[in-house]
Amino acid sequence: MEKGTFSDGSIISFVNDNFVAAKVKTTNNETFDTPFGEMNTGQLARSLRIRGVPAVFFFDIEGKPVFNVPGYVPPDMYLTILKYVSEKHYMNKSFEEFQGSEKTTM
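Per the numbering used here, the very first residue in the sequence shown carries number 176; after that it's consecutive.
Among these hints, one or two may not hold up.
Stated by the list, open to error - Restraint-style ranges between C-beta atoms, simulated for each label pair:
| # | residue 1 | residue 2 | range |
| --- | --- | --- | --- |
| 1 | Q274 | L223 | 19 to 25 Å |
| 2 | N267 | T202 | 33 to 39 Å |
| 3 | Q218 | Q274 | 19 to 25 Å |
| 4 | P250 | S222 | 25 to 31 Å |
| 5 | N215 | K178 | 16 to 22 Å |
| 6 | T206 | N267 | 32 to 38 Å |
| 7 | P250 | T201 | 19 to 25 Å |
| 8 | D192 | K239 | 19 to 25 Å |
| 9 | Q274 | D235 | 18 to 24 Å |
| 10 | T202 | K258 | 27 to 33 Å |
If you're looking for bench data, these hints aren't it; they were derived computationally from the structure. Each residue gets a CB set at the ideal place from its N, CA and C atoms; glycine is no exception.
Working from the sequences, and respecting the hints, build out all of it.
In structure tokens:
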């Protein structure tokens, strides 16, 4: 996703305007503070049940995971995901419901 979705100008703009982004590489053993205590990348991956990469997680203001995206996602779908999370639709409808309502309003 580095060379496609994450390098798309509309994705970059939307993320910069609506999120605090952090990239964690699973190939190193970096340690950092999380809302759940100090963890290294392996511990974080296990706690989030990451089985493969890429894996994108969205967290609320308290650090609780609210939505995740396993695997590659093309830019147009990723924009829909970003809107779903940034507008907090995850609080009252499934992504599938949101996606369906987005298609009818386009």
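Now for the hints, and whether the structure bears them out:
At roughly 23 Å, the beta carbons of Q274 and L223 sit within the given window of 19 to 25 Å. The hinted window of 33 to 39 Å between N267 and T202 holds, with their beta carbons roughly 37 Å apart. Taking the beta carbon of each, Q218 and Q274 are about 33 Å apart, not inside 19 to 25 Å as hinted. Between P250 and S222 the C-beta distance comes to about 29 Å, which sits within the given range of 25 to 31 Å.
Under the hint 16 to 22 Å, the C-beta atoms of N215 and K178, about 27 Å apart, miss the expected range. Distance hint check: the CB atoms of T206 and N267 are about 36 Å apart, consistent with the given range 32 to 38 Å. For P250 and T201, the Cβ-Cβ distance of about 23 Å falls inside the hinted range of 19 to 25 Å, so the restraint holds. Roughly 22 Å separates the CB atoms of D192 and K239, a value that falls within the hinted 19 to 25 Å.
Distance hint check for Q274 and D235: the Cβ-Cβ separation is about 21 Å, which falls inside the suggested range of 18 to 24 Å. Separated by about 31 Å at the C-beta atoms, T202 and K258 satisfy the suggested range of 27 to 33 Å.
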